[in-house]
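*Asks:* Given next are the chains, with one letter for each unit.
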Amino acid sequence: MFSAFKYALLVSLVIVIIALIAPLIIFINDFIGNPGCLSIHSEEIEQINEDQYRVVTRINYCSSISLKELRLVIGNKEIVLNNLVKGVTEKEITLTRNDLEIGVRRVEVNILGIYKLTLELSR
Amino acid sequence: MSRSVISKIVLGVIEGVLYYIMFVVIIPKIAKTVIGTELAITTWITWSPYMFFLLGFFTALGIIASIVKEPLAPIFEALLTTTGLLIIVNILGTGVLEESVNIGGVTWRLRLDAGILVLCILGFSIIYSITASFNRVVKIEE
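Residue numbers (the working numbering), protein chains in the order written: chain A, 1 to 123; chain B, 124 to 265.
Fair warning: there could be bad hints in the mix.
[As the list claims (entries may be wrong)] Residues on chain A that point at chain B, a partial pick, calculated with CB under 10 angstroms:
| hint | residue |
| --- | --- |
| 1 | 9 |
| 2 | 53 |
| 3 | 55 |
| 4 | 56 |
| 5 | 57 |
| 6 | 89 |
| 7 | 100 |
| 8 | 102 |
| 9 | 114 |
| 10 | 117 |
Just so you know, these hints were derived from the structure itself, not from any lab. Where a beta carbon is used, it is the ideal one built from N, C-alpha and C, also for glycine.
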């Protein structure tokens with residue numbers, strides 16, 4: 001009885017590991033095939049006052065693996081997108097001139113809600 | 124008796140060589156072909172004296188567990204799996220991979236948290252070791 005359970009356990013471990021690793025391999029493979037798979041562009045659309053600008057942030061994402069949480073730090077401003085899927089996503093935000101000069105400092109994504117990937121600008 | 128001991132040791136060595144070929148030679152090669160990056164497990168290991176001790180201890184326990192008879196066998200089997208878990212934890216740590224990458228001429232710090240994968244492997248290993256020990260205990264009672 002225990003021997004059968006041991007083998008069933010091994011088989012289920014292999015299945016779970018494959019199910020866990022597969023999204024990561026697809027994600028990495030998409031990025032190797034296309035290094036610009038996740039591109040972020042900000043376009044200024046309106047100047048609110050002397051220091052503040054209304055900006056549209058355009059995120060282009062090419063992978064079929066959805067990102068459950070995208071945290072983007074531009075200057076001192078943090079933008080959060082709850083679910084990023086393949087295609088172009090736009091978000092309107094208000095940024096200061098200082099934020100625009102500094103640019104993207106940190107990108108944090110949650111690959112399918114399983115793996116947390118952080119890219120931070122080295123000082 | 125001595126013949127069966129020697130054959131068990133030889134079988135153990137062959138098994139070890141097969142595992143080595145699978146995890147150190149074949150899997151990194153497949154990883155390089157599929158995802159384009161080296162995934163050499165040997166480069167993750169910090170070859171400290173402690174690691175050598177753990178690997179030596181693990182090998183010795185493996186040989187003893189396969190030689191001794193019940194009721195001592197489950198004890199050595201449990202010790203063997205515990206040492207195995209300790210080695211896995213030493214190699215994988217908390218499952219966080221940190222690397223510096225160059226994107227568009229700018230250096231970024233990349234951090235990948237795959238802790239859930241490590242937890243999954245450890246969880247299954249613990250259940251497996253408990254089941255294996257129970258299996259030996261049941262054999263004794265039979």
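*Asks:* Now tell me if each hint is right for this structure.
*Replies:* Hints versus structure:
1. 9: Since the shortest Cβ distance to chain B is 6 angstroms, the answer is holds.
2. 53: Not OK, violated: residue 53 (chain A) not within 10 angstroms of chain B, min 23 angstroms.
3. 55: violated, 20 angstroms
4. 56: violated, 22 angstroms
5. 57: violated, 18 angstroms
6. 89: violated, 20 angstroms
7. 100: violated, 17 angstroms
8. 102: violated, 13 angstroms
9. 114: Constraint on residue 114 (chain A) satisfied, holds at 6 angstroms.
10. 117: holds, 5 angstroms
In this structure, the hints that do not hold are numbers 2, 3, 4, 5, 6, 7, 8, in rising order.
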